[in-house]
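Undergrad: Start from the sequences and build out the full structure, keeping to the hints where you can.
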Amino acid sequence: MRNPLSAAFLIVLAASFVLAGCVSKEKYEALEQENAGLRADNMKLTEASLFLSVELLEADKEVLMLERQQEALGDEIARWALAGAVKMELLRSGLQIVLPNDVLFATGSANLKPDGQSLLKELVAALEDVPYQIVVIGHTDNVPIGPGLAKRYPSNWELAGARASSVVRMMAEEGIPPQQLLAISMGDTRPLAANDTPEGRNQNRRIEVRIRPVVVQ
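When you number the sequence shown by the numbering used here, it's gap-free, plus one each residue, and the end is 355.
Hints may contain errors.
Unchecked claim - When the alpha-carbon atoms are kept at most 16 Å apart in a straight line, the in silico EDC-like pairs for lysine to aspartate or glutamate are as follows:
#1 251 / 240
#2 251 / 266
#3 225 / 213
If you are wondering where the hints come from, they were derived from the structure by calculation, not from laboratory data.
TA: Now the structure itself:
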């Protein structure tokens, strides 16, 4: 006759094998789910890496095109009568051309002077094949608007905006597609030099023309 204790032991042992099998199966399924999640994350990372690679290639192309544009414009500007007054540099946001205010406008005026019109005509001729957005930014010094001009230009914001608009208007008249043009006023908020000297104020009064690598259809 079989010992009851031995029979009980065999039952417990069999149950432990079954339970162990269940635990192993649960662990396997959990690990399988975790592995599937890791594979999905890896695929997402691979796709993101490919996307960033394409973005970097596009950015490199834009920088190369802007560098070529800068070189071509530099050669063009060197032939201008007022070449010494124009500054150009390549920024992270695009190519920037700085035009001196005293060449473009009289004090307190947003009407282009003859020399300013000639300078802009030369600039438009150099930019006529550029497909990018052209942003014109007006800057002033911090000298308040005089009483005689306050009705027309209540503050330097309006004066800087009117000057930028005059430049944009002439560019459009000379052939730049209007949808490529944007006029912005910075007033006296972005000085390049201290406003406590005539030289510093003259440096701060300026028009910036920025060529941004955004193709406008």
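Undergrad: Enumerate the violated hints, using their earlier numbering and listing them in ascending order.
TA: 2
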